[in-house]
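> Starting from the known structure of chain A, arrange chain B on it as the hints suggest.
There are 2 protein chains.
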Amino acid sequence: MKDELKRELASIVGSDRATDKPEHLVAYSYDAYTEEHLPELVLFPESTEEVSKIMKVAFRESVPVTPRGAGTNLAGETIPVRGGVVLCLTRMDKILSIDEQNLIAIVQPGVINMDLQKAVEKLGLMYPPDPASWAAATIGGNVATNAGGPRTLKYGVTKDYLLGLTAVLANGDVLKTGGRTIKNVTGYNLTTLLCGSEGTLAVITEITVRLVAKPRATRTIRADFQSLDDCSDAVAEIMSAGIVPAALELMARYTINAVEKAFNLGLPTDVEGILLIEVHGYPETLETEVSRIEDILRGKDVTNMITAQDDAEAERLWLARRSAGPALMRVRPNHIVEDVTVPVSQLTTMIRKALEICHNHGLEVGVFAHAGDGNLHPCIVFDRRDEDEYKRVEAACEEMVHVAMALGGTLSGEHGIGLAKAPFLSLEMDEVALRVTKGIKDLFDPTGILNPGKFV
Amino acid sequence: MKDELKRELASIVGSDRATDKPEHLVAYSYDAYTEEHLPELVLFPESTEEVSKIMKVAFRESVPVTPRGAGTNLAGETIPVRGGVVLCLTRMDKILSIDEQNLIAIVQPGVINMDLQKAVEKLGLMYPPDPASWAAATIGGNVATNAGGPRTLKYGVTKDYLLGLTAVLANGDVLKTGGRTIKNVTGYNLTTLLCGSEGTLAVITEITVRLVAKPRATRTIRADFQSLDDCSDAVAEIMSAGIVPAALELMARYTINAVEKAFNLGLPTDVEGILLIEVHGYPETLETEVSRIEDILRGKDVTNMITAQDDAEAERLWLARRSAGPALMRVRPNHIVEDVTVPVSQLTTMIRKALEICHNHGLEVGVFAHAGDGNLHPCIVFDRRDEDEYKRVEAACEEMVHVAMALGGTLSGEHGIGLAKAPFLSLEMDEVALRVTKGIKDLFDPTGILNPGKFV
Chain A
2 MKDELKRELA
12 SIVGSDRATD
22 KPEHLVAYSY
32 DAYTEEHLPE
42 LVLFPESTEE
52 VSKIMKVAFR
62 ESVPVTPRGA
72 GTNLAGETIP
82 VRGGVVLCLT
92 RMDKILSIDE
102 QNLIAIVQPG
112 VINMDLQKAV
122 EKLGLMYPPD
132 PASWAAATIG
142 GNVATNAGGP
152 RTLKYGVTKD
162 YLLGLTAVLA
172 NGDVLKTGGR
182 TIKNVTGYNL
192 TTLLCGSEGT
202 LAVITEITVR
212 LVAKPRATRT
222 IRADFQSLDD
232 CSDAVAEIMS
242 AGIVPAALEL
252 MARYTINAVE
262 KAFNLGLPTD
272 VEGILLIEVH
282 GYPETLETEV
292 SRIEDILRGK
302 DVTNMITAQD
312 DAEAERLWLA
322 RRSAGPALMR
332 VRPNHIVEDV
342 TVPVSQLTTM
352 IRKALEICHN
362 HGLEVGVFAH
372 AGDGNLHPCI
382 VFDRRDEDEY
392 KRVEAACEEM
402 VHVAMALGGT
412 LSGEHGIGLA
422 KAPFLSLEMD
432 EVALRVTKGI
442 KDLFDPTGIL
452 NPGKFV
Chain B
2 MKDELKRELA
12 SIVGSDRATD
22 KPEHLVAYSY
32 DAYTEEHLPE
42 LVLFPESTEE
52 VSKIMKVAFR
62 ESVPVTPRGA
72 GTNLAGETIP
82 VRGGVVLCLT
92 RMDKILSIDE
102 QNLIAIVQPG
112 VINMDLQKAV
122 EKLGLMYPPD
132 PASWAAATIG
142 GNVATNAGGP
152 RTLKYGVTKD
162 YLLGLTAVLA
172 NGDVLKTGGR
182 TIKNVTGYNL
192 TTLLCGSEGT
202 LAVITEITVR
212 LVAKPRATRT
222 IRADFQSLDD
232 CSDAVAEIMS
242 AGIVPAALEL
252 MARYTINAVE
262 KAFNLGLPTD
272 VEGILLIEVH
282 GYPETLETEV
292 SRIEDILRGK
302 DVTNMITAQD
312 DAEAERLWLA
322 RRSAGPALMR
332 VRPNHIVEDV
342 TVPVSQLTTM
352 IRKALEICHN
362 HGLEVGVFAH
372 AGDGNLHPCI
382 VFDRRDEDEY
392 KRVEAACEEM
402 VHVAMALGGT
412 LSGEHGIGLA
422 KAPFLSLEMD
432 EVALRVTKGI
442 KDLFDPTGIL
452 NPGKFV
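Here the protein sequences line up with chains A and B, keeping their order.
Add 1 to a position in the first sequence, counting from 1, and you land on the number used in my numbering.
Add 1 to a position in the second sequence, counting from 1, and you land on the number used in my numbering.
If we strip away everything but chain A, and leave its shape as in the complex, we get:
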């Protein structure tokens, strides 16, 4: 990018919201995946109009634009692999309205998930999608990746709470999709098409979401298992008992040990698996559900079972699960959180296979899972500077993907395709599906300036 062009783009937002200082460019060259690439300019727009003006110039000059929020995404979706502009939307951080009567919130894309959660909780409401990175991740990023989280099991993912979007197309045109009603069948579902499109179709600048009533009561149970098979069998039994927990989270031995080593939370280090189960509902219902779950757990090889008696105890139980990612990150310099997802009946098989594959490659792996929906996160820890080890990491990831596909699963349950899964796309999508995908990309972004070099 020539200086003149940089100046023109910077002038749209003002010099205090534009930077090409090397130390700033480095800060926007990476996300929560392992790759990195320097952008040439970082812009911080504050309105749809500014984004539109930026895209008009970028379109005219064929400059790559990579939109991003907090960069907590795990598949390399926001790495500006072709340089150009990083469009950082974190300054668009206003909750524009919360409509308690109609259970709707309208937010800018830079609003942090946790901030929206807290704002609506004060009103007795809940915004269900809760990715692990919720304390940092933006709603815009959640929409761009169709983020899930532990509560997905009961409540569904980001797309299930989206009512409408404002988005800027590659040429600067402003597209409005959906509306304010929960039921809406007017025209093609462009809202859901943009959700999960990873910044390759448009820049999302305003988001209308639906809210739900906060559950009256929640109960949290932790169970420690001698046998991993028993642990995942318990998952299957709970699910087929017709109970839909809000969360049904599994941690395997390596992860448990990493958490215990890093944070000393008093977890047992001699068990094969821990299940964390949370149920939401009415107090009187929850007693029934908790009893039923405890009965199922008692029928398994459980060494210890804790049912939280109050919020503080529940919070302590959750802390162990929330610490899984951070703990594993400390073990070695780098980590990749895989995101293989299989039909829930294949969970045990997939966990065993993931452990076996990593073991065969001499790799260390901490497994944790949103077990109830078959969404497994084998987190491989390694040193990126060790080329041989990194090759083994890549080989293990590829093998896990093949196993997941063979078990009827998908390349990605919730982390997205980005750079991480792009090489495997043809395993899941045949020639026709890839052609349609390419056609949609060309329609929205004919010159390929939006987040180029990614999955399409």
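Hint data in this document are derived by calculation from the structure and do not stem from the laboratory.
Fair warning: there could be bad hints in the mix.
Dumping the calculated DMTMM-like pairs for lysine to aspartate or glutamate here, alpha-carbon to alpha-carbon at most 20 Å [claimed, not checked]:
#	chain 1	residue 1	chain 2	residue 2
1	A	K155	B	E101
2	A	K439	B	D443
3	B	K155	A	E101
4	B	K442	A	D443
5	A	K177	B	D174
6	A	K442	B	D443
7	A	K177	B	E432
8	A	K54	B	E432
9	A	K57	B	D174
10	B	K54	A	E432
11	A	K439	B	D174
Note that the structure is predicted; figures quoted are calculated from it, not measured.
Frame of chain A, contents of chain B only:
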């Protein structure tokens, strides 16, 4: 269409599954909307392969193809306005598999909604989408229109239960979308793009849906209101009490009287509105919810309240609501079921306006509503042969659409655009949205042979 071409197309399915007899063509010239147009040929394929072969020939010869199921759709989506072929998918009526472990069913598009419901209920499961026409409507039609129904309020619409599709594109290519896992973020969401596309993008030939556990218990309450305002205020209070009923259905006076006249069910004919409320959950929870609802109702101008004591009584209460459409159909030769949808806080205003508009045009209208999600069905009854009356019907529909839009609503909550709402599309979608819509249509169907003459 030349005879030779008809013969070529008929030979794909065999002469017993192809017809151009005038009496058959008439039978496929209309749906549940008021318009009609004769096709030239009706084909009944039994496999994806046959559909693909048919589309290849149609594509080569630029023959219009209008896919249809049972034709219960209400906006004219399946009327073959450009003639050509009607592709009737009712012979593809197999439930291919029900996977109890993973809560998935795979069905052909011609499976009748009720048949799927009954098949999964036997296994203790439920397929939630329940359009009023469920006893006749096909799952393929439900997907093509993204059908809702009374239970939408708690459970969501058809798109919320779709995991994957097989669909044949205009050129005969077979597109597979989605998969078998609930979480799936691989590529753009083509499954939801096809859902609600009303046969304009592809012919759906196989459908993977997710199932849920059947609720442990259900309770049904009917309340009769002296005042329509009190009736819709009760809706708002129930919703904001954090209760999510499975259904919250409203019938206004004209509808009540029509039902009573047609079927003699013992409904009060002197009330302004009836609410039918159904809650699903655990027996012990439902008592709490029923008490809370009864308390809210007692605070209103309710003349009578019935809480069903058993399934048979609940079924009798539901019969009144299910009879609304059939009863109104008998009043005059024709009817149009409008589908205006507004944020739920605007429900009372919208009902009042709808009644006022129809009254001003000297029209008879029976209002019923999926009140909990602001989805209103003013059913205008008239005689299509009376040109003056029909003009007034059209004027009233147009006015209701404008009011709904002004109240923050949508053109269609669940019935679709088809022919009925096509003239109003630009009220909800601006130039950019319409251009993107047209672009998607051109991508999937470059020569415009799939259900031509409809909303795109």
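> Is it true that the CA of K54 of chain A sits at most 20 Å from the CA of E432 of chain B?
Distance of about 18 Å is within 20 Å: holds.
> With a cut-off of 20 Å on the C-alpha distance, tell me whether K177 of chain A and E432 of chain B pass.
10 Å, holds
> Given the hint that K442 of chain B pairs with D443 of chain A, test it: the Cα-Cα distance must not exceed 20 Å.
14 Å, holds
> Going straight from one Cα to the other, do K177 of chain A and D174 of chain B come out at no more than 20 Å?
31 Å, violated
> Check whether the Cα positions of K57 of chain A and D174 of chain B lie no farther apart than 20 Å.
36 Å, violated
> Starting from K439 of chain A, check that the Cα of D443 of chain B is at most 20 Å away, please.
Cα-Cα ~14 Å, so holds.
> Just to be careful, I want the Cα atoms of K439 of chain A and D174 of chain B compared with a cutoff of 20 Å; is the pair within it?
Given that 20 Å is the threshold and the Cα spacing comes to 15 Å, the pair holds.
> Holds or violated: are the alpha carbons of K155 of chain A and E101 of chain B at most 20 Å from each other?
Cα-Cα ~18 Å, so holds.
> Under the criterion that the straight-line Cα-Cα distance not exceed 20 Å, is the pair K442 of chain A, D443 of chain B satisfied?
Judged against 20 Å, a Cα distance of about 14 Å means the pair holds.
> Between K155 of chain B and E101 of chain A, is the straight-line Cα distance small enough, at 20 Å or below?
18 Å, holds
> Please work out if K54 of chain B and E432 of chain A have their alpha carbons no farther apart than 20 Å.
18 Å, holds
In this structure, the earlier hints numbered 5 and 9 are contradicted, and the remaining ones agree with it.
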